[in-house]
Amino acid sequence: MTETSSNSVQTTLASGRLSDRPDARREQAAVRRRQASTLVLMYGVLISIATVLLGTFLFALLASVKEDPLEQPFRFWFAQINPVNWAGAWEQGREGSGNAWWGGFSPGGEVTFHLTYAAPVGEELAAPAIEIPRRRPGTGMAAAVYTDFAVDYASDLDIRREDGPLYEFTNKDGVTEQWQQATWHVRFRYEGEGPRIERVPFSSQAPRSQTLIDATLPPTRMERRGRVASWENVTPGVLGYVFNNYRRVFKESVDLNTGDSLFMSWFQNSLLISLGRVALTLVLATTGGYALARLKFPGQRAVFFTMLVSMMIPIQVTFISNYLVIREINLLNTPWAVIIVLVVSAQVLIMKQFFESVPREIEEAALMDGAGYWTTFYKVILPMSKPALITITIMAFQGAWNDFFWPLVLINSPPSAFALPVGLLSLRNAYGGAGDWSLILAGAFMSTVPVLILFMVFQRYIVDNPIASGSKE
Amino acid sequence: MTIKTTFMTAAIALAATPTLANDVVRISGWGGDNIVVVNSLINEVLDDDLKAAGITVEYEPVEGDFAQILTNALSAGTAPDAFYVDSFWAYPIFESGKIDPVPADNQDVADALLPALNQAFTYEGQLMGIAKDFNTLAVQYDMDIFDDAGVDYPDMDDDWHDFRTKLQQVQAELDDVYGICVVPDYARFAAFALATGWQPINDQGHTVLDDRFREAFEFYVTLPDENAGVLATDLGQGWTGGCFGNGDTAVAMEGAWMIGFLRDQAPNKYYSTVGIPKHPETGDRGNLVFTVAWGVAADSDVKDSAHKVVELLTSEKAQQWVLESGLALPSREALADNDFFNGDSTAAITSRVVFEGASDGQVEPFQFGEYGGEWKAIVDEALSAALLKERSIDEAIAHAQEQFDRLTGR
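These protein sequences, in sequence, are chains D and B. Position 457, counted from 1, in the first sequence is what the UniProt record's numbering calls 457; the numbers after and before it change by one each time, with no gaps. Position 58, counted from 1, in the second sequence is what the UniProt record's numbering calls 58; the numbers after and before it change by one each time, with no gaps.
Next comes chain B alone, as it looks inside the complex (with noise of 0.2 Å):
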């Protein structure tokens, strides 16, 4: 072989090598464990991967309000090349034009995922953001005092008048416990409204609080009166979990984040969950889908890198180390037969309640479309007005009805 032939053909085989595209993608997302699941995905699990695709990515976890941050990067444009677009505040997001659709190269990971959760991501026909996980409502309850209290655990056909007779059971035999936190939120309360029936924006795009509603609104705020909880405030607490971490309250009705929470705030808490009441009459359970994409900047330069780090992270071997991990649920459809939910660890069994929460009855996602926070808003005012009595429950309902014939339109 000649020296002529010889750089001809190491010409060639250079030329055919695929070329690495040495990118650097920044990526972000708020922390928690978060921070351990990507931290891990990009350095462990994914390292060889990121290796072969030529790609290096600075991971720089947000420990606080995300959303807010976010905006001010993408309004600056100094936004991370893929961050975190959470289905509550993704509405305005996409709106802006500041996220970029997801590539044709990327349709097959969206094929492969739960389609509730692509469609939370979906804006005017097109697939904005690829989820990564997601999350439902449950009942955590801690066994070592439903064992003292000589009460049953809360099961999977308790219906609402089951639960409330435990939790006053409950509070009535221990002096020191409360049945459950109740807090002013919609993002708790929905799990009754929603299985009577009640559609938050009905078919004409309104809402409104007809008898299905109230009968939910009734339940819930009158939980305390009835001996079966507790205003979360009065203990100090923000949320159920606060109350329920703390040993005050049985129960508490959170997601699978409760996991990582109760290993790191009460390590040795004997608890299991169930799935939420049901509807003493539809026999319909209600739930919100909570539910987180990554999305691509529309500004990044390096787009198609971006989106390859998004495919790595939403892969199946990435979700299959998550779901194995017990840190969080994964996205595609097909890991619902994993081995890891037949389990029967806590985290296991929290798991599987949570996952089957997302088609168990009357689900909706976690989102109000254009009107984002505000909707939340008003329900969130009426139901603090009613559990602080500034409020009959009529007035409150009443008042709530009004804003959102502002708001929705009657």
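The following block holds chain D by itself, in its conformation from the complex (with noise of 0.2 Å):
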């Protein structure tokens, strides 16, 4: 506090509350006006790193369900999310199949799709060409995986036309015309036996003249300049609907000897090459830490100093002897060579660093009562040990789980065997290198899945300072 101050402060408790005096008042409410600015300005600055941070994690979610991903500009709001569509996929699917989750076409399935078109009065409004078209699902392994097509199944297709009111149409230029409109019911079954369709694509062809202005589900795609609306599933279902690209992530990449999904092999890849490895880092860091922390033995420091040097070392400089010792101990594209290629330096290096901070004599105690050094480390120091270790949990799996260098260069067949972020590399497909994007965001965002929740599960242990936790007396 400045002189100033301390004067005008003791001035005023001699002439009565603070409060009642104006330069006081002002003063107060200049404080609260820093407080309020610092306020704003902090706020600001944690809204901004989160919308950073988390700005990029919505735009992928987002991203992940649209059906055209790199869509530009970027669109907040979009079929997918727009729960007027999800009623309509809901029933949609419900006529299709009876399963208004995930929709398809099934035996017995009738389904009723309306389509109400507009054009200025005079102009003639007719009936669009519609169209049930033998259109496989994706590319790539979808096209070699699904065989059975809506056309060859859908029947009895009658079409309904409904006249409408006549609207009033404000044109771009700004200019009001008179707009006559006409909805179409197009009504189709499956009648008999067969397979149940996952997808119905459907298109309608109309003049140019005339503007498609409402239909049961909007269009996944305008084509030919408006004169076609085509849709990928016109019985989709609300799940179908709003994660078709997950759910073609499941479906569309299969190993085409076994039929099963490669993405859940990708999956159990990294599950178990990630569970390998924390078991393992947990091994050696706990064992390498408390060595290094309370043990005495020759060459004890150049031990330590080889630990600190191999943490400089990046692993490309190492990967070529790894590479030539993992295939003449034929462990290539088995999961184990990844979960052996590993350095925990830096695991050693909190655990020992951590141990270091527990009491000895907790130790001797220990050691009082009988039990033997192996006793108390696992029966005494690791127990107290929980926060380092599930930190080292934490960092293991993590880095274990987004690996892409070793299991890139250290599984490369079958694509069975991949892990999952090199099995995402590989949803990729081959029209001179343009990728399907809607399958790689969709397959990456669920790959996040795992470490999000071992992250929730346990943020409270990776916000507590292992060390300062453990150096409580």
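Hints should not be assumed to be uniformly reliable.
Lysine to aspartate or glutamate pairs mimicking DMTMM-like chemistry, simulated, CA-CA at most 20 Å apart [to be verified]: (1) 389(B) - 71(D); (2) 389(B) - 176(B); (3) 98(B) - 71(D); (4) 269(B) - 131(D); (5) 98(B) - 328(D); (6) 172(D) - 148(B); (7) 172(D) - 176(B); (8) 172(D) - 175(B); (9) 172(D) - 173(B); (10) 269(B) - 328(D).
Pairwise CB distance ranges, derived in the manner of DEER restraints [as the list claims (entries may be wrong)]: (11) 328(D) - 211(B): 41 to 47 Å; (12) 115(B) - 211(D): 21 to 27 Å; (13) 151(D) - 115(B): 42 to 48 Å; (14) 225(B) - 313(D): 48 to 54 Å; (15) 372(B) - 382(D): 24 to 30 Å; (16) 214(D) - 147(B): 24 to 30 Å; (17) 310(D) - 103(B): 20 to 26 Å; (18) 281(B) - 175(D): 19 to 25 Å; (19) 150(B) - 175(D): 20 to 26 Å.
It is worth saying that the hints were derived from the structure and are not from the lab. Keep in mind the model is a prediction, meaning the values are calculated, not measured. Each residue gets a CB set at the ideal place from its N, CA and C atoms; glycine is no exception.
With the hints in hand, could you dock these two chains into one complex?
This is the structure:
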């Protein structure tokens, strides 16, 4: 506090309540303003950081459910997140297969799809040409997997017209015109027996003078400069509509020899690799850290120094020698190759520091009670090390789960043996290098789930400083 | 007949029966439409032939960076028995000795292929792979866009100026459409550069960026400035086909792979295909041949069976089916007269134009020998620098020439 303000406070106290004085009130107001502005600044910074960090996450999530994740400009409001369309998808799925969640087209299904076209008064409002095309879903493997087409089972196609009222339409030049509208109710059935078809593609072609203004579900895309409205699936079911890309990840990426989902294989491989690495890391970090912290043995400093140096060597320097060793012991193309290629110096260091902060008296008490080194370590020290162990577990799991380099180098055949990050890369298809980004994004998003769960469950342990926790007396 | 005689007769009959290999052959290639092609060939078209040969084929398509994965697998000794070899990166694979040359038994298959394709897979006088199909560049154009703009469709007689004028007219007439997406990629630019008569690597083994190269370079990189095109990246795309599929451009300059791409991404597109525009003075078209062969791993334990599988996969029966499915262009010369090419479907027209592109004008294989991707990267960098205005045309070419001088010698 400055001398002036100190005097002021003393004077104020002598003369009565602080807020009674006009200059004191001004000063209080100024303090409040400063506090408020500091608060605004602080929250502004925090919100900015959160926006940057979570914004990309939100973008990825939204893009992963879009039909065209590369659309420009990026829209935050689109068909898949519109509840009106959920209701339409629910109804269409129910009509097509009796399954309002995942939709489809099954024997007995009867689907009605509504299309409303409009045109200026005076123009002819012609019936659109409706087609259920023989369109195979997706690309690549999907084309080999899906062999049943809705067009082969849809029959009794019936189109009924219903005229609507005139309405006023303001064009882009600001001119208001009278427009006429008509709705076409398109109905088709699945008669007889047959397989459940997952999708019913649909297209409607109308003269350019007509505009599609409404439909049971918005078209997947408008083609031929507005002449053709095209739907990938008019019986999607609500989950099939919103999470179509996610379903595709499972269904369109399969091992052609076994028919198993490649994505599930990659997921299991990554899980095995991550759990294996976590287990190995915990064993090495705890035993190594404890030995360096508590045991006295010749060359201890050299071991510690070597460990520090090993942290500074990039993996690219040692990868050829590691690769050759793994090839010689016949572990290539197995998850074990990726599990054993790990450097745990940092984790050993963390555990060493942690164990050094544990009072020796605790171990001495255990030794006095007759416990050996191993019993002391296993039954006394390790239970106390929970925060540090959980931190290391999370770090190791996240590192292994997201590891790209080693799985790429060590596992290259067959595709079902890939780890998840490498598998996701392989979801790119081969049209001049263009990727199926819907599939990649949905797959990538699903790959974040295990790490997210791990963080959510154990986040409070990460906030805790393990060393600080362990050093409490 | 005594029992002894019966046994002897049976034994002689068994010995005379050709033995089946009973081998499992792993084959691999990249994804996309190839998966349907190979999967159908193995399980439908060639099923009986494979059974007769006693061979079980395990197909492992890779939907990623195939060259990288194959290189790793070859290094590890875990490569499939037979696999795709792209002419672009074939040289280092051949040089490594990891490919088993085509045996004399398969020579008749090789002799039936287009000679230019065999040339792409010949290393030190030995044929290292049997070309399975090929592609060239052509111009795909959106008929709705040209109709709406009131501009004549591109045609086989167009030269560079006609082509650019039509694109400019489309761009002027329609607010939401560009002429063509321009990409800094030699694999597209070469269609113009080669038409001038310029040679990528001359008889002395050097690359010289002469006036002919400059003429094509200037034409190509100024397409956006001349209101005839746009940079693909400005539309969030990386290739001309992506822009075309979205309806953002009037034309694309791609190969027959566009058929499959558009069938999936823009199934109702009303388009057709013509040849690459001609150079106004030479009257020639330029083009690249992209080709892929089946190679057999030198380390394979079932080399003979793998060669047999390759022979079947490139047989006339297999290629006839592939062609008539509209999935790929055959590498066999005899199939040039196939009726499929005379059809009027978009796939047939595109296939015909692309097939004819291999022998129309100045055509080079898409490969750069020992220099590989390093050679291409120099031209790509120059195109990128000029398109992004980081360097003037002359500066970009001069810089590229300096790099070529270091790479290929003066």
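Cross-check of the supplied hints:
1. At roughly 26 Å between alpha-carbon atoms, residue 389(B) and residue 71(D) are farther apart than 20 Å, so this suggested pair is violated.
2. For the suggested pair residue 389(B) and residue 176(B), the alpha carbons sit about 24 Å apart, so the restraint of at most 20 Å is broken.
3. Taken as a hint, the residue 98(B) and residue 71(D) pair is broken in the structure, with Cα atoms around 43 Å apart against an allowance of 20 Å.
4. Taken as a hint, the residue 269(B) and residue 131(D) pair is honoured in the structure, with Cα atoms around 15 Å apart against an allowance of 20 Å.
5. Among the hinted pairs, residue 98(B) with residue 328(D) is consistent with the structure: their alpha-carbon atoms are about 19 Å apart, no more than 20 Å.
6. A hinted pair counts as satisfied when its Cα atoms are at most 20 Å apart, and residue 172(D) with residue 148(B) qualifies at roughly 19 Å.
7. A hinted pair counts as satisfied when its Cα atoms are at most 20 Å apart, and residue 172(D) with residue 176(B) qualifies at roughly 15 Å.
8. Using a Cα cut-off of 20 Å, the hinted pair residue 172(D) and residue 175(B) holds, with the two alpha carbons roughly 14 Å apart.
9. The hinted pair formed by residue 172(D) and residue 173(B) meets the criterion: a straight-line CA distance of about 18 Å does not exceed 20 Å.
10. As the CA atoms of residue 269(B) and residue 328(D) are separated by approximately 54 Å, the hinted pair breaks the 20 Å bound.
11. For residue 328(D) paired with residue 211(B), a C-beta distance near 57 Å fails the hint of 41 to 47 Å.
12. Roughly 55 Å separates the CB atoms of residue 115(B) and residue 211(D), a value that falls outside the hinted 21 to 27 Å.
13. As the Cβ distance of residue 151(D) to residue 115(B) is approximately 43 Å, the hint placing it in 42 to 48 Å holds.
14. Between residue 225(B) and residue 313(D) the C-beta distance comes to about 50 Å, which sits within the given range of 48 to 54 Å.
15. At about 55 Å, the beta-carbon gap between residue 372(B) and residue 382(D) misses the expected band of 24 to 30 Å.
16. For the pair residue 214(D) and residue 147(B), the beta carbons lie near 27 Å from each other, so the given range of 24 to 30 Å is met.
17. Take residue 310(D) and residue 103(B): their Cβ atoms lie about 49 Å apart, and the range 20 to 26 Å is violated.
18. Judged by the Cβ atoms, the range 19 to 25 Å given for residue 281(B) and residue 175(D) is violated: they are separated by roughly 51 Å.
19. Separation of residue 150(B) from residue 175(D) is about 24 Å and conforms to the stated range, judged on CB atoms against 20 to 26 Å.
The structure shown violates the earlier hints numbered 1, 2, 3, 10, 11, 12, 15, 17 and 18.
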